[in-house]
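For the protein sequence lines, the chains are C and H, in the order given.
Heads up, the first sequence is in the numbering used here, so the first residue is 1 and it goes up one at a time.
Heads up, the second sequence is in the numbering used here, so the first residue is 1 and it goes up one at a time.
Here are some chain C residues the structure puts well away from chain H; computed CB gaps all over 12 Å:
1. H20
2. A30
3. S59
4. I107
5. T119
6. T123
7. G136
8. T167
9. Q176
10. H179
11. H190
12. K201
13. K226
Chain C regions said to be covered by chain H (calculated; three or more residues, Cβ under 8 Å):
14. 63 to 74
15. 93 to 100
Keep in mind that the hints were calculated from the coordinates and are not lab data.
Using N, Cα and C, we set each Cβ at its ideal position, and we do this for glycine too.
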Amino acid sequence: MPALQFHNLTLGYDRHPAVHHLNGAVETGALVAVVGPNGAGKSTLFKGITGVLKPLSGSIERDGREARDIAYLPQVPDIDRTFPIDVYDMVAMGLWRTKGLFGGIGIKDQRIIEAAIATVGLTGFEERAIGTLSGGQMQRMLFARVLVQDARVIVLDEPFTAIDERTAADLLNLVQRWHSEKRTVIAALHNIDLVKANFPKTLLLAREPVAWGATPEVLTAENLAKARHMCEAFDERATACAVPEMA
Amino acid sequence: MRRAGNGLEAMLYQFLLEPFGEASVRHSMAAILALVLSAGPIGVFLMLRRMSLVGDAMAHAILPGVAIGFLAAGLNVFAMTLGGLVAGLLIALLAGAVSRATKLQEDASLAVFLLVSLALGVVIVTANGIDIEGLMTFLFGETAAKMSASKLLVVAGTATLSLIALALIYRPLVLGCVDPGFLRSISRSDGMAHLTFMTLLVLNLINAFHTLGTLLGVGIIIIPAAISRFWTRDISTMIVLAIASGLVSGWAGLLFAFHAKIPSGPAVTLVAGVLYAGSVLFGRIGGIVWQVFPGRHLEA
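Using the sequences and the hints, build the whole thing.
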């Protein structure tokens, strides 16, 4: 049974599709990169998988899991970094599924949180406000929260964007560790070389799937050009369509 | 010397303690205590959600409801609470519905509702002609800080309810502010939390109306939160500081109102304004003085 199955899935906003008629499956334990130009629907697909966004049509099967049981690492720009909350509390939010609205955090939970913070190398930063973190530290903190969530399926939205090489290498080790633990990991990425070196499977997305399968076969120059072209072609048509609809 | 000392003591007694010999002034003080306990955190969340002006708008928007209650039953605290609650929830839901159904942003549609609603409120109040003293109390709170026991009961009851409800939605409220996408990925409570929060805002506004009048009541919700932001980067401390500065404003403001024989609304708001000005100047987080002399202080 695959961890995720998409059945003619269309996701979007205000009836405008951002992911169009996606079919396919993510095998349990797979390590999948989702690649595509900006606006290709990567984040939208992830919001669909994690239940943040309801499908416009079609469906997602999650191997009997609830959407809420899937760990989700949102893009950093989606987070209000001026909010007065510290690293520890942010990481502790990963316990939500077991703690809910009122559950207390016991000694065992504290160990889990501390261990996660140590694993990403943020020990000593527990009481720092998130607004004082660098981009790399911010991403490390979000990875710690995923660690605390301890989910079988993990979705990472641009986890390596705008961080330095050392941080990327550290976090990539974590991804490899999850893969070796037979967890299913899906990540949106822009760095093609990094994908080729580390991700066995790739979905090339440009609103519609361009190619999906073994990474070397998917990431050909031809397919990448096609993805760019499809995305642009679609944009032009979308603007043309929107005008009579508004009037 | 001793006589001078006694004179000073007597003066301090007269100024600080004697006012609270009157039951109505004690009621006012107790009401302020209850009010700031629940309104402090509400104000902090309003600020963190960048909704301080929405709070202001809501305050005007619920005026017609309170006015109808006021006209139906005079300065009857229950009628005014009920009227305000109905009007507030109606407007919050309508503004939300209009913004979802159309392309208009929620704050824009709220701004429209506030203006229409305020106009309606003024028409209702003036068309039915009320005495000037009643109007003053309605707009600015009790003159010389005198409050009835039944009003205190309503204020304290509402505040208690509000605090309990806030505790229930605290986690989704925090996470909904800082990382809304993640919250929606793990819980379906964000819609419920937002709606509950808007309801609590309306309840606290009405509470503030009772205590400090309809025109300025919102000040005790918003200003203490703004003050707290200048002193801490931690949300729990922020809430405590908002409550504390609200309490100081309320206490000093009531004394001011009592001695100057003015309504409590402007008195309390002015004191809060002074505290705010002090925080803008000397606040540890982003205060002007610390910005003007940063290097020297940090080098040590």
